[in-house]
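Chemist: The primary structure of each chain is shown beneath.
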Amino acid sequence: MDKFWRRFRRNKLALTGLCILVLFILSAIFAPLLAPHDPNRANLRNRNKPPSREHPFGTDDMGRDILSRLLYGGRISLSVGLVSVGISLTIGLILGAIAGYFGGAIDTVIMRLADIFYSFPFLILAITISAIFGPSIYNTMMILGILSWPGPARLLRAEFLKLKTTDFVAAATALGANPRRIMFRHILPNAFSPLLVSATLGVASAILSEAGLSFLGLGVPPPAPSWGNMLNRARPLHILAGMPWMWIPPGLAVFVVVLSINFVGDGLRDAFDPRQDQTQQYE
Amino acid sequence: MKRESVLLEVKDLVKHFPIRKGFLKRVVGQVKAVDGVSFTIGEGEVLGLVGESGCGKTTVGRCILRAIDPTSGQLVFYSNNGLVDLAALSEDQLRPLRAEMQMIFQDPYSSLNPRMTTKDIIAEPLVCIAGMKKKEAEERVAELMRLVGLRPEYMRRYPHAFSGGQRQRIGIARALALNPRLIVCDESVSALDVSIQAQILNLLQDLQEQLHLTYLFISHDLSVVEHISDRVAVMYVGKLVEVADTEELYSQPRHPYTERLLAAVPVADPKVKRGRHQLKGEVADPANPPPGCLFHPRCSYAQDICAAKQPELQNVGKDGKEHFVACHFARELELQGVQAG
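Going line by line, the protein sequences match chains A and B.
Quick note on numbering: the first sequence equals residues -2 to 280 in my numbering.
Quick note on numbering: the second sequence equals residues 117 to 457 in my numbering.
Since the hints were derived computationally from the structure, they do not count as laboratory data.
Small disclaimer: the values here were computed from a predicted structure and weren't measured.
Where is the CB? At the ideal position from N, CA and C, for every residue including glycine.
Please note that the accuracy of each hint is not assured.
Some chain A residues judged to face chain B by a derived CB distance under 7 Å, without partners named [said to hold, decoys possible]:
{"id": "1", "residue": "132"}
{"id": "2", "residue": "155"}
{"id": "3", "residue": "163"}
{"id": "4", "residue": "171"}
{"id": "5", "residue": "219"}
If we strip away everything but chain B, and leave its shape as in the complex, we get (with noise of 0.2 Å):
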């Protein structure tokens, strides 16, 4: 477990979608897509981020990388050049800082401009940011691409030319251009086939190390995030749930929302039984969340308490270590994890 400094710290961060009615568009209420989000991310540490669709996974990483504006909330990160808070910042101000932070998206197919050759989409940040003269960007794009395991020969095509995991390389290629601290990876295996998924995912892997790359990993998919992440956070709804470490996270969750969760994960054996542990009931509607703990209608140890007071996040960490719930029964309940992999 690497936690050597913080790099990212995520205070309080809210996304509220307005919902417009009517002529004159009138706001009718509010979408809480991430309300009230808080953590950190350590340098050189991967994060894991899951949840259900429409969870807030991927709004949370757009707000880090100032894709879309958060409402309100912190976002203390620092950069090479001293403690910067990215929220505050104007776009002008943020430019440079876009060399250290970058993001690696979900779909192969619409990240890459279609009109474009490999090697003008992998020099983009270069030439808008470090503001490169192309020339001088085509041999740093042959190294990119080599780095992640294309052949350099192959710059001139475009996108259409290549496979899906071929063009999650370009991708990969193109946030790494500029040497970045964090990489935000928006569901980055999860449009490609499973043979391609552990490729893509080995290469990720690969590239951390050898860089030092700190990764906030979003993804539904829980057996990827147990394999590359340090750490993970679950959410529901737009807050955290849990936060923890990796194997911990698995072996004893604490918050009856993972536990059902880790129970979704397929299992590759027919003879496993299952059923016990289904979810029920549909995600709460984020424009109009149920009072108290949000889980608590598709909960089974809900009580009164739950319907009426919203938990908050707590550490109920044993030896010294954190494990962040937001439950009422964090410390009671008995949840069944699952076998670390």
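Bound conformation, chain A alone (with noise of 0.2 Å):
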């Protein structure tokens, strides 16, 4: 844990989007106490306002306060993006490890179960299901989860394909390894980072996505904030055109947040491969 810290240490780049990320979620978790204003409160009379000393980042269409907007937002973005990531990969690391793995028949039927999940029309689905249960918060994130780990699942199944033929892991069954010890602890490790990437990718298209089915009133209902439904609200063209402080914080809040999960995933990965302390192990 020690050696990992320190390998993760040295990319800069990394340590910098964790700072940023940390920053993000504590912001969001402490919403309440930061937010110069009640979120949700509409007043009519201060519409579209550029920013001033009253409201840093200006007033939306409804007069409300988009600072504090952007801080209730990150609680529903980021929420949905690691939640249904979490999700994803849950389901991903384990039915591509036991596809991977075993091979044969049960991974015939995995991965054709993967080919239809990926063959639903995502909006539609999503559209049934929300209507079935209506939208929220917590139906989004399991949408977003379970309609996106074929994935993971096939970056999982392939490289335990190629991992099960190396002749370390014939010599962990020659060695009298077990099938779990095996998977967990010969093979899970050699594929973790192409998994990662692909999460902290996933976090990203996760918080884009929640911003699409935001505004096609599947997500978040309104008038809770979340960045996606944020930049939805600014689409109109003149406020596109003329009032830029609707959309470039929650715009900028996306990209920035995107950014650093991309450059923590990167830091992992290198973190994650021992070959990485090359200089530090000739000591």
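Make one complex out of these two single chains by using the hints.
Modeler: Right, here's the structure in full:
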């Protein structure tokens, strides 16, 4: 663990990303303390105001404080991103590992299931599910998580297929390691880096998908703010052209968070690889 | 020649790999990687197993350790707890027996998990089979590292920090962890530089004497096999063609294939003329073997019977010595060997 942290720290970009991410997470957690206004209180006399001392990021078309909405929106966008990737990664990891390791009929069944999930039109399924269960943040997480497991599953299956035939796995078998130990101790650590990269990309795309679903009224129901529905509110041309304070903050927030997560993912991948401390090993 | 008691008896070992084709993955043929191989290894003996690429040497080794499951045949192992047929055991029944037989792999780069420290790699069998805790295992790991000529201080390093020869030593230490009796060395030195090869070979020999080990030494390198083996078995397309004591096999081969193999060993003398005995043609396809003797299409001594009837492995040794050959003309042919080195 110590070495892991040392390797991670060496990557300055990843460290910066981690700091920014922590900052965003903290600001989302402590939003009630940090927000200068109630994010949902409309003030129609104060619509479309540019940034001022009272409203540092200005107000939106209903006179709500953009900074407050941004802070509260972070709660929803970040948790949707992390939880839905958590769900898809867990399902994908288990199914992909089983498919790749055992092969045969199990593999066929799981992979055809993945094909089925892939071939469902995402939006139609999402609309159906939220029509049945109603739009809510938890349903959004579930939908995104359950619909995106085939990606990590396929990735992991491919890695398992490749690693299963290596000599060190044969060695582990001959040395008496049981299948669980081979899967989790020998193969998984070596299959981790592509999975990690796909997970970080998944967080980014989940944040963006949440924005899309919110736009259709299927994600986080208004008036609760999320970065996605803030962006979508700013879609009219006159806002895009004349009131950049409405879309720059949430847009920048999505951009910076996605970028940071990708840097952290890169850093984690390198930190998981013991080959990276070549220099330190030869002391 | 030490031949006290039998340790492993391989009886009619067969491993066929099915060839599947089409949408329904129907079996359209069999690759006969190992097709009826029988031999014995005595306690404390080094048996060399040689042959060209793809002749099934490695498959034999892996079947014995049940890294792959044989199609049929018996693997009678005289374990510490009595006789067992390794081929008939389930994976769970096999696990305790794995302490008594281990493997040293060919490629020291791919046979060590790059994400595990040296300590964890060597401790693997201690943890998996002996059920040791990590702390207890550490002492044994240090002892093993010293035994194979590595410094125990390095046990926290990852494999990438070691050279090829050192990595192979790690592989050897791992194989020795539980005091096995039988070790299958699968091309254990062929991936190494010649200078390192000699070191590892000597290490293997020292360990064998010191710990009274039994080796099945699989290699395509005849000079290496000659150096280390008490007896040598020659394989061709999944079958044994000749088994004899090393000295006898090298000086008086009885199978034309062995003669050709020996003639192909490089000689470090540019003046030595060759070419007369070179092997011609391709190795027979194990999915579609020729009728009769598998070697007859390439054999310059072949006659009609060779294409019609498959020769059995028979003992043609003189003076009570064992010398098994599978050739119709084993007794008649005058074949050329090499000077014992």
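Chemist: Each hint should be assessed against the structure and marked as holding or not.
Modeler: To see whether the hints hold, each was checked on the structure:
no.: 1; hint: 132; result: violated, 43 Å
no.: 2; hint: 155; result: violated, 18 Å
no.: 3; hint: 163; result: holds, 5 Å
no.: 4; hint: 171; result: holds, 5 Å
no.: 5; hint: 219; result: violated, 47 Å
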